[in-house]
Amino acid sequence: MDETHIMQSLVGVTLSRAVHGGMALAPSLDHQGSEDDGRKQDIGDILHQIMGITDQSLDEAQAKKHGLNCHRMKPALFSVLCEIKEKTGLSIRGVHEDEAPDPQLMRLDNMLLAEGVSGPEKGGGSAAVAAAAAALGGGAENSIEHSDYRAKLAQIRQIYHTELEKYEQACNEFTTHVMNLLREQSRTRPISPKEIECMVGIIHRKFSSIQMQLKQSTCEAVMILRSRFLDARRKRRNFSKQATEVLNEYFYSHLSNPYPTEEAKEELAKKCSITVSQVSNWFGNKRIRYKKNISKFQEEANLYAAKTAVTAAQAVAAAVQNSQDSSSPATPNHGFQLKDEEFQLDTTESKNNLLTSMFTASSGSFSLSSSGDMFMSMPSLNGGSYQRMQPNNTGQPEGENIHGIGQAAGYSEALRGHPLYSPNGLNGNGGWHEAATPSSVTSPAEAAGSIHSDTSN
DNA sequence: AATCATGATTTGCG
DNA sequence: CGCAAATCATGATT
Numbered sequence: 001m002d003e004t005h006i007m008q009s010l011v012g013v014t015l016s017r018a019v020h021g022g023m024a025l026a027p028s029l030d031h032q033g034s035e036d037d038g039r040k041q042d043i044g045d046i047l048h049q050i051m052g053i054t055d056q057s058l059d060e061a062q063a064k065k066h067g068l069n070c071h072r073m074k075p076a077l078f079s080v081l082c083e084i085k086e087k088t089g090l091s092i093r094g095v096h097e098d099e100a101p102d103p104q105l106m107r108l109d110n111m112l113l114a115e116g117v118s119g120p121e122k123g124g125g126s127a128a129v130a131a132a133a134a135a136l137g138g139g140a141e142n143s144i145e146h147s148d149y150r151a152k153l154a155q156i157r158q159i160y161h162t163e164l165e166k167y168e169q170a171c172n173e174f175t176t177h178v179m180n181l182l183r184e185q186s187r188t189r190p191i192s193p194k195e196i197e198c199m200v201g202i203i204h205r206k207f208s209s210i211q212m213q214l215k216q217s218t219c220e221a222v223m224i225l226r227s228r229f230l231d232a233r234r235k236r237r238n239f240s241k242q243a244t245e246v247l248n249e250y251f252y253s254h255l256s257n258p259y260p261t262e263e264a265k266e267e268l269a270k271k272c273s274i275t276v277s278q279v280s281n282w283f284g285n286k287r288i289r290y291k292k293n294i295s296k297f298q299e300e301a302n303l304y305a306a307k308t309a310v311t312a313a314q315a316v317a318a319a320v321q322n323s324q325d326s327s328s329p330a331t332p333n334h335g336f337q338l339k340d341e342e343f344q345l346d347t348t349e350s351k352n353n354l355l356t357s358m359f360t361a362s363s364g365s366f367s368l369s370s371s372g373d374m375f376m377s378m379p380s381l382n383g384g385s386y387q388r389m390q391p392n393n394t395g396q397p398e399g400e401n402i403h404g405i406g407q408a409a410g411y412s413e414a415l416r417g418h419p420l421y422s423p424n425g426l427n428g429n430g431g432w433h434e435a436a437t438p439s440s441v442t443s444p445a446e447a448a449g450s451i452h453s454d455t456s457n
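Using the UniProt record's numbering, read the first sequence as starting at 1 and increasing by one per residue.
Among the hints, erroneous ones may be present.
What the hints assert, rightly or not - Simulated restraints, written as ranges between beta carbons of each label pair:
#, residue 1, residue 2, range
1, Arg237, Tyr259, 24 to 30 Å
2, Asn293, Ala151, 43 to 49 Å
3, Gln41, Asn172, 53 to 59 Å
4, Arg205, Ile84, 25 to 31 Å
5, Leu105, Glu300, 51 to 57 Å
The hints are simulated quantities; they were obtained by calculation from the structure and are not laboratory data.
No residue lacks a Cβ here, since even glycine has one placed at the ideal position from N, Cα and C.
Produce the complete structure using the sequences and hints provided.
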């Protein structure tokens, strides 16, 4: 509106100046199409005419202007204009000196900074990417997505900066032009420096609103990019083998109560480089799918139970130093061969210590309330935190104690197949294990027995 | 391409 | 809010 008007006059001024200053327009158009002389002649004629008109009108305008400036009534007119202006008092009207920070703009700025779009060239960006990666879970396997994400982010950043610079430049240019124009006009009408300042302020505000739009759309683009890359559902990745291993180990060793506490979830999440909610998801899925048909998971259960058992057995062996048994030379892992994986005893140390103390303290039966969870709770260093009694399974702990040997019952819960329960799940009351498989499990039962005897003696 | 496996989400309950 | 169950959606396998 106003600006366009100003712009037009501004263009007029600059053009007239350029022409008046002796800049020839002809040369730039002269050297094209040199083959057709007649036509060139025509063009030349037209050009001459145009130039003539321009010169003429310019001179005319200039003369008029000069005449006006030199008119004897001019000072009087000027003073009248000043008076009117002062009376109407529209000189410094609506000057927003307060420079409102605009919370929304601040928000956008902060976000862009956090996303690494603005701010330091690479540092912030990679940090944001790293955070995104952490949220996504998984360590090294999704580095491809990282680079993809980073590339796209860099692209956005590039566009953002280019546009921002363009706006900045355009703003400055325009401001300069307007200021020149106003200064020029101040000779014929009263314009105070304050007014020029005000005008500049208006221009800046206009441009900053455009900038905000840019920031807004950039933010939007980043959000879309983020959601696209972080929406795990769209790009589902299987957990790493090791993570599944850890989770399964926990699950099967806590089969009687596979509900990890918040702390346990955090621990598992850390171990598996996944998020806590992913751990929760995993256990949710696992529980439901295990329960749905246990037979399908029997093999897996045996495997992990065996693994735990052997792990424990090894630990026990190490602790006891084959001092007291020797009564059962049968090979400990007879019934279940560990397939291929080796299990890391990263916490063997603590386990050994604990087992040692257990054994040295008492060789009899341990009346630990939830011995079933014992062996897995050991490595977690915070011992009892995993033990959460399920109100429904009232019969369980005692049952294990009936067994007499806490350790054996502990790590071979799955192996035993819960012989103490009625086959078809005595608890239809909604508790875990209402459909526990009967002792069908079994084949490794002897193995459990062997270990049992191993350790108990 | 069918099918299964599996992680994530939605829905409904207490 | 945490869970179970149903469901969706994608990855892997055949």
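**OP:** With 51 to 57 Å as the target window, see if Leu105 and Glu300 comply at their CB atoms.
**Re:** holds (56 Å)
**OP:** Please test the hint of 43 to 49 Å on the beta carbon pair from Asn293 and Ala151.
**Re:** holds (45 Å)
Original post:
Do the Cβ positions of Gln41 and Asn172 conform to the proposed distance bound of 53 to 59 Å?
Top reply: At roughly 44 Å between Cβ atoms, Asn172 and Gln41 fall outside 53 to 59 Å, so the hint is violated.
**OP:** Using the Cβ atoms, figure out if Arg237 sits within 24 to 30 Å of Tyr259.
**Re:** The hinted range 24 to 30 Å holds for Arg237 and Tyr259, with Cβ atoms some 25 Å apart.
Original post:
At the C-beta level, are Arg205 and Ile84 separated by a distance inside 25 to 31 Å?
Top reply: holds (27 Å)
Of the numbered hints stated above, the single one contradicted by the structure is hint 3.
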